[in-house]
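J.: Build out the structure end to end from the sequences listed, making use of the hints.
Quick note: the first sequence uses our numbering, first residue 1, plus one each step.
Derived by calculation from the structure, the hints in this document are not laboratory data.
Quick caveat, the model's predicted, so the values are computed rather than measured.
Even for Gly, the Cβ is constructed at its ideal location relative to N, Cα and C.
Hints may contain errors.
What the hints assert, rightly or not - Quick list of simulated restraints, FRET-style, between CB atoms: (1) Glu240 to Glu107: 34 to 40 Å; (2) Asp34 to Gly300: 39 to 45 Å; (3) Asp52 to Tyr247: 32 to 38 Å; (4) Asp106 to Asp34: 37 to 43 Å; (5) Ala38 to Ala84: 56 to 62 Å.
To be verified - Below, computed lysine to any residue pairings styled on SDA-like, alpha-carbon distance capped at 20 Å: (6) Lys102 to Arg75; (7) Lys226 to Leu127; (8) Lys406 to Ile275; (9) Lys141 to Ser44; (10) Lys163 to Val303; (11) Lys342 to Tyr378; (12) Lys157 to Arg349.
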Amino acid sequence: MWASGSASATDRPPRSFSENLHMLDARHVSEHLDEVRAQLARRSPDDAALLDGVAELAKKRRELVQKTEKLQMERNAASDGMAALAKSGDREAMQARREELKKLSDEVKRGETALSELEAAISEKLLGIPNVPHASVPDGKTDADNPVLRVVGEVPKFDFKPKAHWEIGEALGILDLDRAAKLSGARFSLLFGAGARLERALATFMLDLHTREHGYTEVYPPFMVKAEALRGTGNLPKFEADLFKTYRGDPNDKDALYLIPTAEVPVTNVHAGEIIEADELPIAYAAYSPCFRSEAGSYGRDVRGLIRQHQFDKVEIVRFCAPEDGPAQLELLTGHAENVLKRLGLAYRVVEHVTADLTFSSTKSYDLEVWLPSQEAYREISSCSWFGDFQARRAQIRYRPEPKGKPRLLHTLNGSGLAIGRTWLAILEQFQQKDGSVLVPEALRAFMGTERLVPAK
RNA sequence: GGAGAGGUGACCGAGUGGUCGAAGGUGCAUGAUUGGAAAUCAUGUGUGCGGGCAACCGUACCGAGGGUUCGAAUCCCUCCCUCUCCGCCA
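T.: See the structure below:
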């Protein structure tokens with residue numbers, strides 16, 4: 001099932017970075033240009049074109065590094081000479097030498113400046129290039145090509161026309177989209193009574209399942225983060241328009257914070273810049289958070305109901321592991337997300353993203369799609385992804401394979417476990433009854449204190 | 001928000017212009033000693049980049065960014081963060 005990279009992966013291991021291919025660092029790209037181009041072409045021709053110029057820049061950089069370091073070496077040697085002169089107290093000799101060294105020093109500075117500019121240009125280019133698909137990912141042009149891997153649970157049959165969740169929710173008096181719009185505009189929601197309680201129950205239920213049965217450590221992260229954190233996960237620089245940005249006084253504040261689009265961002269960056277010992281892996285975190293998305297470019301889609309909101313709740317599961325464990329960890333994590341649906345008794349299916357449907361940072365992804373009777377369709381409720389070392393490189397998250405060994409980039413994974421708003425609406429739709437009530441899933445009854453939602457009188 | 005003190009290697013901590021990638025200690029690793037362990041002694045112990053088959057060599061990094069200087073962990077500027085006291089506050 002898992003084709004392990006392409007043949008050239010083993011031909012010649014790259015010197016400075018991890019051996020796998022899910023990486024876009026300048027050295028790897030310039031040494032395996034055709035191969036990386038072919039991999040990106042599986043996503044789209046446009047993505048492959050993003051590589052243009054990278055190899056040349058990398059080569060230029062190497063030359064400049066060598067030139068500059070040679071100058072630095074000369075300068076350092078000369079400075080040692082000056083130290084000796086200073087000791088001898090020969091002021092005139094020092095003065096003369098100083099003139100000469102000034103020139104050398106200026107040259108060093110020019111080199112250093114040119115080098116840092118070039119490196120900035122390279123990293124700007126690389127930051128805009130998406131991850132390469134894993135060899136096992138099927139080719140495809142749109143999400144319609146995504147293969148269905150399995151269908152789980154029984155799609156409910158109704159002897160009446162099933163209502164949409166917003167109709168059910170409003171009739172029960174637990175959902176009020178009109179008043180939400182009064183407060184905050186379109187794509188916000190307002191829950192009352194059992195509706196609000198259901199939202200809270202789902203968050204608690206999911207966190208309990210992941211922490212007690214799946215071995216995750218619960219994390220409560222900040223809901224606002226720096227641009228740096230978003231760069232680590234791959235949301236920036238390319239997807240700024242999808243985010244809500246906050247500022248204090250100055251709209252152009254360099255240190256402006258962003259509202260998180262998912263807990264993936266703060267939780268993945270928990271270990272940014274760190275070196276983790278091998279015996280600490282895998283690390284597994286589960287976090288509840290609200291998520292904020294501007295939904296730019298989605299006008300006209302899912303305008304009704306709770307499917308697509310500017311603010312929604314989600315429990316996110318995140319894993320850090322050694323590279324060789326990546327594939328197995330993706331299966332494991334996906335299973336954990338699926339368990340939530342199974343425990344709730346919701347009918348769903350699992351699809352795999354084809355190459356063209358992969359998100360920017362992902363090397364392989366599965367979506368869990370829940371059945372929505374009102375739409376007679378499966379809709380995404382969780383996306384489970386393996387990022388290879390793509391995020392780890394951007395956020396500099398490494399581990400030490402051997403106690404004294406060289407650090408290597410680790411692999412990151414995450415998945416929704418699950419999107420709470422969509423779970424909420426799926427429960428209303430799948431468990432709706434002819435009389436307008438909604439059966440509460442067994443697993444939630446203790447939290448909800450009832451087995452049935454009925455209109456508040 | 002006001003006043004003050006600080007940010008140095010895994011940790012503690014010295015270092016106010018050249019001999020500092022950085023004393024000393026702790027921790028850790030290896031070896032010696034021991035029946036075994038403790039204690040003791042010796043040696044070693046950061047990361048990135050460039051070169052090299054390698055041993056290794058070079059270079060950069062002492063919160064971040066800029067400046068002064070032939071030369072900056074050390075001097076100057078800006079910013080960030082932490083701590084203490086005061087004020088305010090869920």
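J.: So, for every hint listed, does it hold in this structure?
T.: Against the structure, the hints come out as follows:
Checked against the given bound of 34 to 40 Å, the beta carbons of Glu240 and Glu107, roughly 39 Å apart, stay inside it. Restraint check, Asp34 to Gly300: a C-beta distance of roughly 41 Å satisfies the suggested window 39 to 45 Å. About 35 Å separates the C-beta atoms of Asp52 and Tyr247, a value consistent with the hinted range of 32 to 38 Å. Our hint of 37 to 43 Å for Asp106 and Asp34 holds, since their Cβ atoms are close to 41 Å apart.
At roughly 57 Å, the beta-carbon separation of Ala38 and Ala84 lies within the given 56 to 62 Å, and the hint holds. A hinted pair counts as satisfied when its Cα atoms are at most 20 Å apart, and Lys102 with Arg75 qualifies at roughly 10 Å. Between Lys226 and Leu127, the direct Cα distance comes to roughly 17 Å. Compliance with the 20 Å bound is thereby established for this hinted pair. Under the criterion of a C-alpha separation no larger than 20 Å, the hint pairing Lys406 with Ile275 is consistent with the structure, at around 10 Å.
A distance of roughly 8 Å separates the Cα atoms of Lys141 and Ser44; the hinted pair therefore holds under the 20 Å criterion. Of the pairs offered as hints, the one joining Lys163 and Val303 holds, with about 16 Å between alpha carbons and a cut-off of 20 Å not exceeded. Proximity of Lys342 to Tyr378 is assessed by CA-CA distance (about 15 Å); at most 20 Å being required, the pair is judged to hold. For the given pair, Lys157 sits about 17 Å from Arg349 by alpha-carbon distance, which is consistent with the 20 Å threshold.
Checked against the numbered hints given earlier, this structure breaks none of them.
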